[in-house]
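Knowing the structure of chain X, use the given hints to seat chains F and S on it.
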Amino acid sequence: MQRIMLILLAITLPLSVIGKFMHWSEVALFAIACAAIIPLAGVMGRATESIAIHSGPKIGGLMNATFGNAVELIIAFFALREGLIGVVQASLTGSIIGNLLLVAGLSMLVGGIKHPQQKFNRTIAGTNAAMMLLGVVIALVIPAIFGLSNPGGDDLKISIGVSIVVMILYLLGLFFSLFTHRSLFNYTEEMHEEEAEWSVGKAVGILALATAAVAFESELLVHTIEAVSLQFGWSEVFIGVIIVAIIGNAAEHSSAILMAWRNKMDLALEIAVGSSLQIAMFVTPVLVFLSLILGNPMTLVFSWPELAAMVLSVFLINFLAQDGESNWLEGAMALGAYVIIGIGFYYL
Amino acid sequence: MQRIMLILLAITLPLSVIGKFMHWSEVALFAIACAAIIPLAGVMGRATESIAIHSGPKIGGLMNATFGNAVELIIAFFALREGLIGVVQASLTGSIIGNLLLVAGLSMLVGGIKHPQQKFNRTIAGTNAAMMLLGVVIALVIPAIFGLSNPGGDDLKISIGVSIVVMILYLLGLFFSLFTHRSLFNYTEEMHEEEAEWSVGKAVGILALATAAVAFESELLVHTIEAVSLQFGWSEVFIGVIIVAIIGNAAEHSSAILMAWRNKMDLALEIAVGSSLQIAMFVTPVLVFLSLILGNPMTLVFSWPELAAMVLSVFLINFLAQDGESNWLEGAMALGAYVIIGIGFYYL
Amino acid sequence: MQRIMLILLAITLPLSVIGKFMHWSEVALFAIACAAIIPLAGVMGRATESIAIHSGPKIGGLMNATFGNAVELIIAFFALREGLIGVVQASLTGSIIGNLLLVAGLSMLVGGIKHPQQKFNRTIAGTNAAMMLLGVVIALVIPAIFGLSNPGGDDLKISIGVSIVVMILYLLGLFFSLFTHRSLFNYTEEMHEEEAEWSVGKAVGILALATAAVAFESELLVHTIEAVSLQFGWSEVFIGVIIVAIIGNAAEHSSAILMAWRNKMDLALEIAVGSSLQIAMFVTPVLVFLSLILGNPMTLVFSWPELAAMVLSVFLINFLAQDGESNWLEGAMALGAYVIIGIGFYYL
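First to last, the sequence lines map onto chains X, F and S.
Using full-length UniProt numbering, read the first sequence as starting at 1 and increasing by one per residue.
Using full-length UniProt numbering, read the second sequence as starting at 1 and increasing by one per residue.
Using full-length UniProt numbering, read the third sequence as starting at 1 and increasing by one per residue.
Any given hint could be a false lead.
A pair counts as met if it fits within one copy or between any two copies, since identical chains are not told apart.
[To be verified] In the SDA-like style, the derived pairs of lysine to any residue whose C-alpha atoms are separated by at most 20 Å in a straight line are:
#1 Lys119 <-> Leu184
#2 Lys114 <-> Thr180
#3 Lys114 <-> His181
#4 Lys114 <-> Ser183
#5 Lys114 <-> Phe175
#6 Lys114 <-> Leu184
#7 Lys157 <-> Trp234
Worth flagging that the hints you see were computed from the coordinates, not collected in a lab.
In this text the structure is predicted, and so the values were computed from the model without any measurement.
So that you can see chain X by itself, here it is in the shape it has in the complex (with noise of 0.2 Å):
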């Protein structure tokens, strides 16, 4: 696996930039771009990880939690300074909804084909709810309906304010879980508990590159964003939701799935939910505050679809978790969610 991703990564990284060079058609630059950040994604993860290993499980634990999702802060990172709200919007609803459905419910099916029935820690799974609840439900209806309700008003200081709150909350999440309750989180010890692949030196060298790199094809991503959606008539909202957010996740999604194979159900819906809380509470205050900074200001006021979608999500995943059990069936609902969710994207 890792080799194919090496060969990967030695194809599209010299092809996108000789393709820049060359002024390829926008459509080929952003496949290979795509192509490039799958394995660059891997390869950031692997690095944070063997940082995370040598820090000792409180520094790591933090680390994970901040730049787990590195490579959809820097997409969207280019994406607002561009001005593309609408595109950065998107692939934060697709990364949460992916994990939400995709990276869980591959998950379960995967390991309900194994494992007839799998159990997970429900004081977990209830707190997760909540917090979902909290940081995609709440956090996002309460400026989508008092917008509403308040044309003109001040949609983007309440942004700011809920922002804020929420971001304290996720702060609060990290002391929960790595200080004042760690026990209960013992299990993702074993995530951590093999030996570090790289050095710290040589991780932090890697990291930097792959950042670099990664920062590169964000960029090429979305710049020829506008062509991919004139040529196949897919509209941005739909390569948002689904293209991007499925590049971006990629790692997560087998990480997890191995997870969900060997029977740690847990570890694999701690990927899964931990992924998009992260993209709720951490990543989207973030972009909240750059975006000022950047002089494009973004507001937590979504599209209603984007909306419905999002609390759709946390609504099932719910209902499948709060009895702290899972079967194939269970994940193959959220597959199912995740398409009709897709067709509805496709045809907006």
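For chains F and S alone, coordinates are given in the frame of chain X:
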């Protein structure tokens, strides 16, 4: 009970034929058709049951899962042929909320009066709750919200796509309960453990006759709804949601309540929730496809009141069932919700 | 604590009378009225409690269930008489979300700081969650959605019908907890096991005096809201939802937090959720009926922001309580949700 039903049948069937050809008042014909469909639905249910017992649990389960709501399907077919899309959607809505609130509510209330606390399998309740969220909430909210954001858009294409996904999931659900996780549903075999009432040949004959009679009465019913609407000042939606739905589901009501009284709450909920799922995930998609053939396309875009009624019913039943226990107060709540929704439709 | 309250009362009561007749600034009078209502509500609560203890658990339970929110009822009565329907609805909204998020949130947070994990009865939590879904979500969403789909329709008739259903269910809920399923609620008897503070005669006298004083202060409060709104640039809705609601529920806050600190989480949640249910299913219907008598009809059609705030609060509290356990992070989430909603109303 069965004797009363037979007498009712012996009176209403000839009356409806005579009345139709003598051009009696449409309100009278509507009432007669209603009174005829109730026992016919019961006979069809018993005939299906007999064939199911002879066919063994798997084929029998499949039969119940496809023919269990044949009456609703036939009524909807005639309404669809007349282009009465609103009536079809209203009767689907009514069947879903009727099963979830009225059938399940009466079961919890009646069972709860005899038994202080009734328990049922939480794994199944959780899987069913997620299925309802998918088949009712997600499958109907997505077309409605996406249609709203994109007027004149591809409502029909979205509806067809969603219908296909939903039907596949329904089939996967059958595969789950009849094959991979059959042991979870062992209790349903009690339902079929009695001896078959009729031989296969006799049952098939009775089923054919009853189906023909239901078809006749359904056509009568559909043709007289407008007159009843004008006469009593009830909207066609109210008639569809409340009256037609109660008639079509009378058989489910009596069986479920009987099971609850005998403290077989798993069976009672299986009837109520199973029937809702069948309407939402099998009958509704079939009607979408049929509507294309009949040339009166029906989308999955229901009215907001219908959508709200269904979504709230699904959440209420999940809140009531999530702890795997019920009592008479929970039954009273479901009935109260039904009355509240009924009041809403009455004044619409 | 009680001494401080008495001193506050001894200062604010005369001041408000003097201030009213000397025509002090309305902002000052508003502040004095607020400062007087807090200890008065406490005194009324203690007097009701004394009478309840003397009356035995059943009559006592009934008394608490009807007079427990007398202060809110009195404030709302004066606002209703002035035709300030918006202020009444805002203060009802504020009481419901204040109890669900602020009181329950502070209880979970404070209790959770002392006790890593607090448990409570899941059966009661489930029944209460369903009751909230019915009494808050269904009872308010149906009139709003059906009213929206049918402008100029029978909003008032729907509201009266729904109010009757909701009140019947509230009475059935009392019957459930005081008679048929009393043993489930055994823990509430702890609340009443202490000796009564006052004799019945003394308690009735104190209750009468305090009620008269609350009535005086409430009228003052209602008459000065507009001036405060103009002076500080706060909307009347913000004042109703946040300020009036906190004042009216101060007594609940302190008792619930004390119970949580003593690890009696069942009692703490009973106070918070019970008070919300009482507002939604008893005080609100009573106000609908009262509004007809006063000639300023109030419907159950709340504004969308109010509706969203209440619906989200009910879902959050259910997500937090569905596993029968709480911790400090869950308390922080409820408080965070309260702040987010407060930010929304502030900028409305």
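Hints versus structure:
1. Lys119 <-> Leu184: both (15 Å within a copy, 16 Å between copies)
2. Lys114 <-> Thr180: between (35 Å within a copy, 11 Å between copies)
3. Lys114 <-> His181: Answer is between; shortest inter-copy Cα gap is 13 Å, intra-copy 31 Å.
4. Lys114 <-> Ser183: between (28 Å within a copy, 17 Å between copies)
5. Lys114 <-> Phe175: Between copies only: 16 Å across chains, 35 Å inside a chain, cut-off 20 Å.
6. Lys114 <-> Leu184: Close across copies (17 Å), not inside one copy (26 Å); limit 20 Å.
7. Lys157 <-> Trp234: between (33 Å within a copy, 15 Å between copies)
Hint compliance for this structure: no hint is broken.
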